[in-house]
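J.: Join the two chains, each given in its own frame, into one complex according to the hints.
The lines below spell out each chain.
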Amino acid sequence: MRNRRGRKGGRGGRASRRSGARPGYPLTMASSDEWVRVVTITSEHAAESRLVSMGINPGALLHVISASGSGPIVVARDETRFGIDRKTAWHVRVVPASPDTVHAPYPLFCDDDCRGCSYRTEMMKAEYGESITLESLRSGETGRVMSVRGRGVTVNRLMKMGFVKGQEVRMLERPVDNDRIAVQVGDRRVELAGWDALHVILEVNR
Amino acid sequence: MSPGTVLALAGNPNSGKTSIFNALTGSRQHVANYPGITVEIKEGSAHASGRQVRVVDLPGTYSLTPYSPDEVAARDYLLEQHPDVVIHVVDASNLERNLYLTTQLMELGVPVIVALNMIDIAEMRGIRIDTEELSSILGIPVIRTVGNRGTGTDELLERAVATATARSEWVPIDLSYGAASDRALAILESMVRKCGLMREMVPPRWLALRLLEQDSHTIDRVEGIGGRGVDDILDTAGKLAEQVFREMDDETEGVIADHRYGFVAGVVKRVRTTPVEKRVYFSDRIDRFLTNPVLGPLVMAAVLFGLFQFTFYVSGAPISWVESFFAWLHGVAWDVLPPGFVRSMVVSGAIDGVGGVVGFVPLIMFMFFFISILEDTGYMARIAFLMDRIFRKFGLHGSSIVPFIVSGGITGGCAVPGIMAARTLRDTKERFATILSVPFMNCGAKLPVYALLIAAFFSSHEGTVLFGLTILSWTFAMLSAKLLRSTILKGESTSFVLELPPYRLPSMKSLLLHMWERTWLYLRKAGTVILLASVIMWGLMTFPTLPEEEARELSGDQLAQASLSYSIAGRAGRAIEKVTRPLMGFDWKVDVALIGGFAAKEIVVSTLGTAYSMGETESDGARSLSQRLAGEESWNPVMALALIVFTMLYIPCIATVAVIKRETNSWRWAGFAIVYTTGVAAVMATAVYQIGSLVT
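Those sequence lines, one after another, are chains D and A.
Its first residue numbered 1, the first sequence is counted upward by one per residue in the working numbering.
Its first residue numbered 207, the second sequence is counted upward by one per residue in the working numbering.
Isolated chain A, as found in the complex (with noise of 0.2 Å):
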């Protein structure tokens, strides 16, 4: 065995991968209870025996004719990567389904080795699977486990291993796909072989079945790859899939996936028993009521409501208490330092920087925590589902949903694994659309802004505010995506089905581990990226300085404000406010803050917690940013509201329009979301400013 034995985990989606994975390496990946999670090709490592192993998390797929480009993904890992073991981890319940993708694997010849996953689930249910049976059937190793409680897992790394030690090279199996099938198999099979066509790659017999399935990802490789003898293979393929389709009369790949299943459905028959009475789901009873389509969407929307309003009420007074710490803190640092750039550099900059983030981190933390419930109960699924129906309205793919929920369709998420979560669409314009889209969801970085506003104009109603702004999100998702379905990304919808994971009862541990690992991140940015930020945005709300004469002149306030206009940013906001104050009511500290945004959401709250400090004449630690903003003249509901608007819809920030970039393959889109969403903003904004003004 060599140092460098890798392990690769495949699967269909929802089957445990990540959890199996988070258990070999100790690593903790975002699992949640709906498939779709996991895009990307992950990698850890383990020890077994002694030794380091690298274990690879691929994207869930069902097939390796690959249907989405994530799907592409983990095909390819398997191609060309060549793992030395492929540890399958199959969900025990669904045997059927997932055992189609075994043989698959069997046939491609890798050493594949079986992990029985949620096993405890299956046998809770009454299923009952014979694992010695159905490894002597496959010959390859079954191993029973239960990712997320750690089971069975040892054993799976000794085995897979041990099975990578024992088996080098690829041994393919061979399964018949009737008469018909595998004549023009042989024919394709040998031809393959003669030309060595792909030869480091796949085994003929594989290459061939593609062909003849007629599968265009391999056709369009095999293409690429040219030469006589490739255009002769190619040409006869498409001869022999239409022979075959005359004689059956249907598609190859239709008869080929009849004898798949048709081979696991008699493994099935032979390993598994199921409870012989008809059993009452109480899943099914549930999604009766819940995918209602009346009954449904009245739920979704009071659970949702009910949610915003529980989170306002349980995180009050835990805010109220990190606000008292910052302003205890605030008071501390301005005694103890003495006068001058340093003392204003760590009051101003810092503690009221950082603290307007960090103020509230108890309500994302019970926001988080809350989202946890939805995800690992399974209703997250079932909320994906009832917005199908409104998707298809709007041009979008019923898939979409996935990153719009990871987005932040429930307030508190983050569109960097949104825009990737949208490689399980298949249709590339579909795809685009569902991009340029999902910057507008209300992610957890836009939930200080949101929080700091309604804290000080609309804290009679917060709960209330928060749902009709998560509307008001999904209203301008909604409205973009058809607006670019219907101009330059036309094109037809594509078949939608999602898979509706069962519900469970979410154990505490996962929910407070996940409330945990999405709070820390909050953390750690605002310790890092908000507090450098921060301290920039204080050197450029402070230098340079006011000259002495001027200076002189001024006391308290008047020095004060003066001082900061003067100063890069001020003059910079200034410029800007002579087009945002009449449009959109913002003053130059608004400004500034938005430009800070751009690098991240919370920004614009630390801008204005740094700002509105450094405006302040004396220490005035006593009053949290949100009275602070409130007490202000330039200010007022209308213009809080416009402002919310636009943080909501304006430049997604930096690591998302990259994550863009990277997903599209071009700066030309990346360019298009800044211009784009940033000109929806200044519209919507300018709307509702003036609209609301004249209203009140």
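With the rest of the complex left out, here is chain D (with noise of 0.2 Å):
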């Protein structure tokens, strides 16, 4: 028997089988004239690689220019508009941006020496404003846990870690293999890959 459970057509939508994590608000919720960026997209999965092609990407950049009425919405992403219908749109889940950030960010060129420098860390910037990720924390730096962001196992996970509001966290070590990190939580040595630590929102005194 061939493996299908990977096909396309034959599960449900992508929304239903990621874990946790659902940022931002639908795009039919920004009102005409808002800057928003895209965090991330649920809708099944031919209409959301549509839509990345297109450049209605996570990270991305949106305009709304009209959002009005029952109609489809408007949005620009550098100088091209888009049409999206409302279903579409409800799909497309965004965070309030500042067209000033107009560049998206660099995980290729980045100068400096930081891991967390990827493209959803950045994404992330742009929700929580100057907080940053665990995933970008420095080795030897310290932070305090603003809020573990998402819902689902991972942030169930994370909670019995103990990266729960208001703890004060260190990075021991980073990457202690591959892309996993090591954290000292309380008076607790915790392991934990890179992408989880994402969802770890931080308050530094750098």
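Think of the hints as simulated: they come from the structure by calculation, not from any bench.
Some hints could be false.
[Claimed, not checked] Straight line, CA to CA, 35 Å or less: simulated DSBU-like cross-link-like pairs of lysine-lysine:
#1 A:K867 <-> D:K87
#2 A:K599 <-> D:K87
#3 A:K599 <-> A:K688
[Stated by the list, open to error] Derived DEER-like restraints, expressed as beta-carbon distance ranges:
#4 A:R355 <-> D:R144: 36 to 44 Å
#5 A:E286 <-> D:K160: 52 to 60 Å
#6 D:E141 <-> A:S342: 32 to 40 Å
Heads up, the beta-carbon is just placed ideally off N, CA and C, and yes, glycines get one too.
T.: Structure representation (structure tokens):
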């Protein structure tokens, strides 16, 4: 029997498969003339891949041109305008953003040695301002947990590890191997995957 | 370099590929300021350094993971035909999104050369792009071009040919997609390499990437190849994708796309500077007004209404000039030629048949001119946008709008390219519902029929009537779509994202060129197909001739009428008349004209021209066809309206039926289209005639 589990048509939307985090709010809730950044797209696979290839990708800065009434929503990305029907727009999750940060982040050309300089981390920055994620904490640095973003299995596990609001954490070693990091939570040493660490938002005094 | 060097033009929709194609090959493919016009692979040839090269224009595509049939065609061309060079036409104003495709092309390994197109517009917006830096980061040539002015295209051609000569084998680049995906990719790549899967076609890593993304087209293809090793690979791909998903909490495709955009964003940061001040976009301001759910439709209605009024207003005088010219020609031919079959054929068949159609050339010309304005400014895309809400209610996809508009959304278009434009639709049911409904739109061939009858019976409200007919055809098309979508083509609606091009000031040159191209097509058709059909129809209305003894007893008007009804067409028409006359008020001449209209709808006009010319007793060319019809007893406004409705709806012309067969790949759908449309036409025309007769 061939493994068809991964086939596109055969499964539900990405949203239903994805474990926790669904940050931001639907694009349908944005108002005219608002600037937003896409954080994730939760529509079914083909539609998502279409949106992404058209330039409505996670990380894209959009200017909402018109979002009134019950019709499609008009957004601008760079110099292109798109009309997106409401059903599709509902699956585009966005956070408020500033038009001044026209550029999306640049993981390949990062000058410092921060490993957390990934696309997603930058998006998180857009969402949470100057706060950073645990993933981008440098070795030896400490921070205070502001929130654990999202919900679901990963987040529950993180909470059990001790990542709760107000908790002080310290980066011990990064990377332990591949993309795992070691963190001191209270008096315990915890190891976790870098991608899981993205869920933890920290307040840092640098 | 072999003489058969092939340059393929790839790029996002609306990035100006076709204008580059036209500049390179000197051809005149249709360019419009909204996406989805090129859905077919088009070929031309160009000369570079004394050699001839083939240039191929591919349908616009956003990604090599195809979404709709037109994108599948573009990708399959790249994979199967292996062009020597891909010229990636990039819209300089939207560098980020366009480079997304560039990276995919580079991963495929095909030699790529970037045409940084519409650079003039980008620079006008204050965007500066460091071409050299871009070229050195990507490692491929980057040429600045302005397609519609032909700037930079010579250099582009030269560099493309040079690249083709320099690099014959494909050299794919490797991008990193993060630790998890890279690990999975390495495993899969080595498996693909070992097995030699699709070795001839694509680099192993590229195939591995597609499999890891679980791209259904690729999986289907690979499954088609079959074999034990293949099953193994697919199995592993599924497992690895699952693993990456668990690790990253995201589908592999999403992870890969994020990294790809990450790379692109990095490149863009290095090479592009945008103005610091937040500009107020002119287009945005207009759009806030024109796409407003309340104001938008009002403006749209006003624009269309004004367009029709104005078209009739300006074309009135030229139409009467053309008509007088044909009347003069009619008179001259009548006088010069000796009485007999030849004179009858030339005067009634050719001159009055074709004259009826050509008479409306000024109208067609102005209509096409105004449609070109709507297209080139970008307003057409807004019309499409505004129609989406309506389309949704009738079970159609927003992207169906382009097919509908191309087929004659504003009266004057053609269902053949319209049906082909439906290739941009992903869902088969939505696509078929579109294909079967667009023949109801008012194509350019129906326009002379309308114009003739409007001039004869509704001359005081020309623009208004045409506006009404436009609304009517939309109504029928929408109702038809709804009917199909709630019966034989039931299904969910898919998501809709439409690109709205920025407003542009159209250049007079391109407007005139568009107008001329379309008018020329119309004229050419009148001079060939319609002329031939007119002569054939004349033959059918002349032979067999009335027996001598019967002819001797009659004279004048009676003789003409008797010989007409004795002919093949007359007999056939009389047989059908028994049904059509009581139901729709059509006499046998109209029936014959409508049968002829199956070949092309203009023939309805040319046949009426011939029939009523032959019915005349003597040279009566001073009266135009519309004047003759207005004077006929059996004609009245209600019947004319029924005829208009019937013409609007009945059997698509032969060309359309053929294209329906090709696009649905089935004669059954084509046959269904014929029966279905004619059924609808008969019912609606009967309703119009019966109700109309009751009221008046």
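J.: Next, verify each hint and record whether it holds.
T.: Now the hints, each set against the structure:
no., hint, in the structure
1, A:K867 <-> D:K87, "holds, 33 Å"
2, A:K599 <-> D:K87, "holds, 13 Å"
3, A:K599 <-> A:K688, "holds, 8 Å"
4, A:R355 <-> D:R144: 36 to 44 Å, "violated, 59 Å"
5, A:E286 <-> D:K160: 52 to 60 Å, "holds, 53 Å"
6, D:E141 <-> A:S342: 32 to 40 Å, "holds, 36 Å"
The structure fails hint 4 only (numbered hints given earlier).
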